[in-house]
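If you're matching them up, the sequences are chains A and B in order. Per my numbering, residue 19 is the first one in the first sequence, and the count goes up by one each step. Per my numbering, residue 8 is the first one in the second sequence, and the count goes up by one each step.
I should point out that these hints are in silico values taken from the structure, not numbers from a laboratory. On a predicted model such as this, the values are computed, not experimentally measured, just so you know. Incorrect hints may have been included.
To be verified - Straight-line distance between alpha carbons at most 25 Å, and here's what the computed SDA-like set of lysine to any residue pairs gives:
1. Lys240(A) to Arg118(A)
2. Lys301(A) to Ser459(B)
3. Lys301(A) to Lys112(B)
4. Lys301(A) to Asn420(B)
5. Lys361(B) to Phe319(A)
6. Lys112(B) to Ser459(B)
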Amino acid sequence: MNSLALFDTSPKALVKFVPPPFGGLVRTALDHVRHGRFQRSLSLMVAATSAVSALEVGYEHYRGSYSNPVMYTPVVLSGALAVASFAAVFSRRAAQTWMRWLSWITLLDGVVGFGFHIRGIRRKPGGWRMPVTNLVMGPPLFAPLLFGTSAYLGVLASYLQREEDSETGSYVLDALAVGRELTGRDDWRNDIRVGRFQKHFCIVVAAYTVCVGAESWYSHYKNNFAYRVQWSPILLTPLLSGAALGSLKSERVANTLLPAASALAMVDGVVGTYFHVRGILRKPGGRTKPLYNTLYGPPIFAPMLFAAAGMLGMMAYLVRRERSR
Amino acid sequence: MNWPHSKSPLGGAFEEPEHDGMHRLGPMQRISIPRRRFRDEDVVDYVIVGVGSAGGVLLQRLARAGFDVVGFEAGPFWDTERDWVSDEAGSHNLYWNDLRIIGGKDPLALGSNNSGKGVGGGSVHWAAFTPRFHPSDFEVYTRDGVGADWPIDYEDIEPYYELLEQEMPVAGPAWYPWGKPHGHPYAPHPMGAVGDALITGCTRLGIGVSAGGPVAILSASRGDRPHCIYRGFCIQACKVGAKASTLITHVPDALKHGAEIRDTSMVSRIEIGKDGRATGVHYFDAEGREHFQRARCVIVSGYAIETPRLLLNSACPGHERGLANSSGTLGKYLMAQAGNVILGRFEELIRMYKAPPAHALTEEFYETDPTRDFARGFAIQTVGPLPIAFAKQMMAAKGQWGWGLRRSMMDYNHWAAFGLLGEILPWADNTVELATGANEKDRFGLPVARVSFNLHENDKRLIEFGKNKTMDVMRAAGAVEVVQEQRFAHLVGAARMGKSPHDSVCDKFGRTWDVDNLFVMDGSVMPTQGSANPGLTIQSLAARTADYLISNHSAIQSGAKRSLEEPGIRKTLSPPGTFRSGIPHLR
Ligand SMILES: Cc1cc2nc3c(=O)[nH]c(=O)nc-3n(C[C@H](O)[C@H](O)[C@H](O)COP(=O)(O)OP(=O)(O)OC[C@H]3O[C@@H](n4cnc5c(N)ncnc54)[C@H](O)[C@@H]3O)c2cc1C
Ligand code: SF4
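This is chain A alone, in the form it adopts within the complex:
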């Protein structure tokens, strides 16, 4: 394996190229991720993404006037999840109880919401007989599933070890064996605990990317792809999801194509955000009509969803592959 170190693109090998002042830091971080000891940082991320989700679904549903009371649930849930996962940064208990259960409920809410959005599209004149029109004009089909992402990460985080666990010495031992002893179980939870969930994660990345890609396709279709850059997420979608699926079979792909495609997606998300903000400011009234223009301008957080796909891909690249049972 290490005969051709030059061609080794695994995270471990690449970290060697980080310049000295950061080297130690990055190595520790990588070590944490690879051994599933990053509950605190992932919780922090969950807190941030759920806060953004709450905002986003808050104003999107405001546009729909909360005409169905169920439209309040994602706002309330993701708000609560933001609080719980912030608490989880400081408390292991909160991570394993509040964050875990709220994440599961929010995930369920996303699935239920998916059902409601399907119904919303079906209820439009013409229903599924006019799929393109009603996809474009109706409630965004996949949004509730995408909204579940932070919840999914919350579930994941709740099963991880905490950063400080490395000091307990447990990591010197075979963490797997410890987990087996602790929980009396040897299943996916243990895999997550020790940071071995690459394949599982790749499936999620692929599915997620396809959903975001579809969303961006029909949202950009709304203005007829007036800017050529609007094609970028649509072109990157097969690349990233393909890389994620390829990673299931080949570790090589997981170490090369996956991080490359993920990095592109992240860059694209940032570029997209810039364009969306510009679009909002260019609306009549510009910054003097912030609420209105955010409501009806290009959705400001949407490109970040695509960046999130890249970020998930990157995480998949960093964690270890499932052990062969």
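Once you have looked at the hints, place chain B with the ligands on chain A.
Chain B with the ligands in isolation, oriented as in the chain A frame:
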């Protein structure tokens, strides 16, 4: 298939709505209308003359409270799927097109485009702009020494504003900064190009502007009413059912609770008994036969022209100058709002029809500004004239006709229009009287109304200033050519409410000073009109009077002394599913 030679439309003819005995209000709402339940000999609790903006709300609330009520309506009970079309010319029958005589130095154009006829009245063809009045509107005389004070203040009507905004419901921004700041129950609408122009023009001039409302058009579906589909036929009655009108919001609930509506029944006279109390109304049915309906209490809600006309036509011994006219103010202090239309041509496409006419406005100039040389103020709003209205405006604004007019018409898609909405003060010489000419009678032989209107110095200055400001905004928005037409909108007043029987027709609940059981409740009771569209205020006042009638029912029926306390709001009277729906209010 013998297409292309067949004369039948491609894909077959459209289906006729089925004859199932049901009456359609919008594409999704079906109701059954109970036919004539009360007999002429029955003494009903309340008779309401006119089922329009105010009448519809009164009817619904009194019926819900369990009273026997009959609403008389001169026009038809629309079946919206059969009677309405999305066509400008085809919607002409929505208006009160009967003869009316105009006079004065600045005569008002009456007839079409002015007041409604048919169940729902003016709310059927209104644009549904629903701003509230400002607190200052209720004390114009105290603050500015002009006009009049209301016998109530903003706080008395505020809870009814909140209630009616939910019942219609109103879509608008979550924070509305003018008057007393408040929020709206439904989300704002996406903006059309006219609204975009208003926002662009205002922001370039540093003028605050409200986007997406307030307007009583559904921005999200609710119950059996679909949301707006943005194709601009609101003034043609909105066949979609997204725009609120009492026909589709309050009337179905009224019928469900036992109210009766006698449509195509024109009330000709209110009968006064020997004891000086109203005993009922005379009316003509669709065939022109005269009837008399007995009632314990009569409420007149016939619009600012027909209300004084009916009261004047009801003159009788003891009331020689007309009913409720001992003060001599009946028919006086009629008001219209300055409604100049400012049109601007843009290089880019505007397509005015692609949005409701009402969707953005500014009230930045609403209040009296001491630096200006006139009292009170105005609002600037979006309007969206369809081609026929546009042609008339171009004719008036540019004096065009023939080929020139055709050229302008072909340019329609490049024009945007703003409406000025300016407060005109109440003046005693702006009047509704009975026409005296031999030919000035309607088909029942009743004298028609004669409406005189004059502008006074303050009004002229206000219009001049407001018109120029609106043109500035239009230019700032990027219009390359700007023209304007002088117009008037929204008639109110002529049966004003007040604190004293000497200078007003009715008290603060609309009870006439002269006849114990006769009420006036519609736009005609307004002492001043602000520069907000009157519809929301008219419906809110009606809901408040309904609460009053319910609280003081036995006193009103018996003629005993009644209290003038605020009745207290009854939220349980809202139509089902409307109260507490929508986005929680900002306080
Ligand atoms: C083009 C247009 C746009 C408008 N847009 C707006 C807007 O955006 N916002 C707003 O707030 N306002 C608007 N208005 C004004 C609004 O429509 C009226 O102010 C309001 O409807 C008046 O209510 P009302 O109850 O006084 O009378 P109406 O609603 O007119 O009701 C009177 C009813 O009484 C009936 N009637 C009269 N006399 C008799 C009789 N003798 N017997 C039986 N029935 C009788 C009439 O047929 C009519 O149905 C608009 C008006 C027009 C013309
Ligand atoms: S624009 Fe909306 S409210 Fe106006 S007529 Fe069309 S559907 Fe009705």
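Each hint tested on the structure:
At roughly 38 Å between alpha-carbon atoms, Lys240(A) and Arg118(A) are farther apart than 25 Å, so this suggested pair is violated. For the hint pairing Lys301(A) with Ser459(B), the CA-to-CA distance comes to about 46 Å; that exceeds 25 Å, so the pair is violated. Between the alpha carbons of Lys301(A) and Lys112(B) the distance comes to roughly 45 Å, so the proposed pair goes past 25 Å and is violated. The hinted pair formed by Lys301(A) and Asn420(B) meets the criterion: a straight-line CA distance of about 21 Å does not exceed 25 Å.
Distance restraint check for Lys361(B) and Phe319(A): the Cα-Cα separation of roughly 28 Å exceeds the 25 Å cut-off, and the hinted pair is therefore not satisfied. Restraint check for Lys112(B) and Ser459(B): the C-alpha separation of about 8 Å stays at or below 25 Å, so the hint holds.
Of the numbered hints stated above, those contradicted by the structure are hints 1, 2, 3 and 5, listed in ascending order.
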